[in-house]
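Q: These protein sequence lines are chains L and Y, in that order.
For what it's worth, the working numbering labels the leading residue of the first sequence as 1, then goes sequentially.
For what it's worth, the working numbering labels the leading residue of the second sequence as 1, then goes sequentially.
These aren't lab readings, by the way, just hints derived from the structure by calculation.
Don't take every hint at face value.
Note that identical chains are pooled: a pair holds if it fits in a single copy or bridges any two copies.
Cut-off 25 Å, straight-line C-alpha distance, at most; resulting in silico cross-link-like pairs (DMTMM-like, lysine to aspartate or glutamate) [what the hints assert, rightly or not]:
#1 Lys157 to Asp139
#2 Lys91 to Glu224
#3 Lys90 to Glu183
#4 Lys157 to Glu101
#5 Lys73 to Asp123
#6 Lys90 to Glu224
#7 Lys91 to Asp174
#8 Lys105 to Asp74
#9 Lys91 to Glu222
#10 Lys91 to Glu179
#11 Lys108 to Asp139
#12 Lys73 to Asp33
#13 Lys105 to Asp70
#14 Lys73 to Asp121
#15 Lys91 to Asp121
#16 Lys90 to Asp74
#17 Lys90 to Asp174
#18 Lys90 to Glu222
#19 Lys90 to Glu179
#20 Lys90 to Asp70
Protein chains: 2
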Amino acid sequence: MEQNLPAIILVNPQMGENIGAAARAMANFGLSDLRLVNPRDGWPNEAATANASGALDIMPPVQIFNNTADALKDCHIVYATTARPRDMRKKVFTPKQAAQEISGKAQKTAILFGGERAGLDNDDIALAHHIISVPINPDFWSINLAQTVLLVSYELKQANDETPPFVLPTGDSDPATHEQLNELMIRLEQELESHYFFRSPDMRPTMARNIRNIFSRAEMTEQEVRTFHGIISALIGNKEK
Amino acid sequence: MEQNLPAIILVNPQMGENIGAAARAMANFGLSDLRLVNPRDGWPNEAATANASGALDIMPPVQIFNNTADALKDCHIVYATTARPRDMRKKVFTPKQAAQEISGKAQKTAILFGGERAGLDNDDIALAHHIISVPINPDFWSINLAQTVLLVSYELKQANDETPPFVLPTGDSDPATHEQLNELMIRLEQELESHYFFRSPDMRPTMARNIRNIFSRAEMTEQEVRTFHGIISALIGNKEK
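I would like the entire structure built from these sequences, with the hints used as guidance.
A: Okay, here's the thing in C-alpha cells:
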C-alpha cells in the first residue's frame, strides 16, 4: 500500500535538528520513506531523535547512502527542490503542481532536498527530471530545510486527500432545530415588545428580522438556545426587582 | 499597504527557537506582524534571533503583551489554531479555506497559535470567531508550532498570489527554434543512415519519428543543440579512427 508514496531524500544534511523536524513533518502528512545521503553527523543522531517527537519510531528505518545516485536506484521519477536560478533546462513546478503530478503516477517518485548551507549541487540536480521551487517572498527566500519538506509533504497529502474538510466535534449538544430557534425568537420578540424595545409598530418587522439574522448566523446548539432562554429570564427578573 | 496583512499571535510560546522559526516562515511568505503573549523566556531572545536567520531584522519590532485580549485590541476577525477537539461551537476551516476567507476581507485579522506543550487554552479560543485546524495524519498529529505558522503563512500567500507559476530562468541560452532542432534531426538521421543504423528502409520513418519525439520532449536550448552537434561529430570521429 505504501510502495508508491514518494521517498524524501536529504542530500548532505547538516543539523540533526532539521532531519528530525523533517521526519516529524513527513509523519504529520503520512509519508515514511526517508533517505539520507552523507549526513554530516552520522546516523543515528540524538538531535534528530529529539526533534522528531516520536516520528522516527513509527516510520521504517531511515536508509543511509554514500551518494545520491545510489539513493535513487529504485525510483522512476525524480524531483529536485531548489530556490535558486540554475543554468539547467528543466520543468519547474510549485509544490502544489508537483503534488498533483506525483499523485497521478503509479511509479515510485523521489524528491531531493539539499543541505542547509548550499542546497543541492548541480550534479545532484542533473539526476532529477524536474524541479520543485516554493513560490517564496523574493526579498526573503532563505527557507529552512524542514520547512521545505513540510510544504511538499503537506501538498502531497492535499493532492491525495479526498476526505471532506476536517470538522471538529461540537461537544455533546446537537445543533438547535429551526423550531427551537424560532421559539426563542418569538419569546425574545414578545419580551422586547412588552419592554417597549420597538419604538414604533412600523419598525418592528425590520428590527425583528435583523435580530433573527444575528441568531441564524450563530448556528446555535440546543444547549446554547437553553442558555439564551436563561439569559432572557434573568434579564427580565433583574428588571422586575 | 501592509495594514490588512494578518497578525500572527503566539500565546505563551516556550522555545525561542520556535519563535525565530515562526518569524522566518512569516518572512518567507511576506507577513510581518508578529505578536507574543507572555513568551516564557522573555524578549528579545537569543535563540529566536539565531533561528530567524535575519527575518526579525526586516520586520517591524515584535509586540509583546501580557494577555491575549490586549494583543487583539485592533483586530476585527480572530482565528484560533487547534488540532484537538474542543467543546465549543465555531466554524472550523483548513488553512487553505481560512486563507481564502481572510484574503477577501478588508478588516484586520489575527491568528492565534498556542504554546508548544498544550496549545491554546479554552479562554483564548473563546476570544476567536473561528477555528483553523490543519488536516493532519490522525496517527501522528503532534505538529511543531513554527510548522503550523508556516502552513498558515504559505496558504495566505497562495490565496493572495495572482502571479503566474514561478519559473526559474534557463540560463543565457534561448530555447532552440524549430529550424535548429530540425537541422539537428536531419543531420542525425543522415549520419545514422550512413552508419547503417536503420536496418531496413521500411523501418526508417518510424524509427526516425521516435527519435524526433525524444528530442521534442526535451525542449532543448540553442546551446544544447550545439552541444549535440558536437556529440555527433565526436562519435563519428571516434568511429572513423
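Q: Against this structure, judge whether each hint is valid.
A: Each hint, compared with the structure:
no., hint, result
1, Lys157 to Asp139, "between (29 Å within a copy, 14 Å between copies)"
2, Lys91 to Glu224, "between (55 Å within a copy, 15 Å between copies)"
3, Lys90 to Glu183, "between (65 Å within a copy, 23 Å between copies)"
4, Lys157 to Glu101, "both (13 Å within a copy, 22 Å between copies)"
5, Lys73 to Asp123, "within (16 Å within a copy, 53 Å between copies)"
6, Lys90 to Glu224, "between (58 Å within a copy, 12 Å between copies)"
7, Lys91 to Asp174, "between (51 Å within a copy, 15 Å between copies)"
8, Lys105 to Asp74, "within (15 Å within a copy, 48 Å between copies)"
9, Lys91 to Glu222, "between (55 Å within a copy, 17 Å between copies)"
10, Lys91 to Glu179, "between (58 Å within a copy, 22 Å between copies)"
11, Lys108 to Asp139, "between (35 Å within a copy, 24 Å between copies)"
12, Lys73 to Asp33, "within (14 Å within a copy, 46 Å between copies)"
13, Lys105 to Asp70, "within (22 Å within a copy, 50 Å between copies)"
14, Lys73 to Asp121, "within (19 Å within a copy, 48 Å between copies)"
15, Lys91 to Asp121, "within (17 Å within a copy, 46 Å between copies)"
16, Lys90 to Asp74, "within (22 Å within a copy, 47 Å between copies)"
17, Lys90 to Asp174, "between (54 Å within a copy, 13 Å between copies)"
18, Lys90 to Glu222, "between (58 Å within a copy, 14 Å between copies)"
19, Lys90 to Glu179, "between (62 Å within a copy, 21 Å between copies)"
20, Lys90 to Asp70, "within (22 Å within a copy, 50 Å between copies)"
Violated hints are absent here; each numbered hint is respected by the structure.
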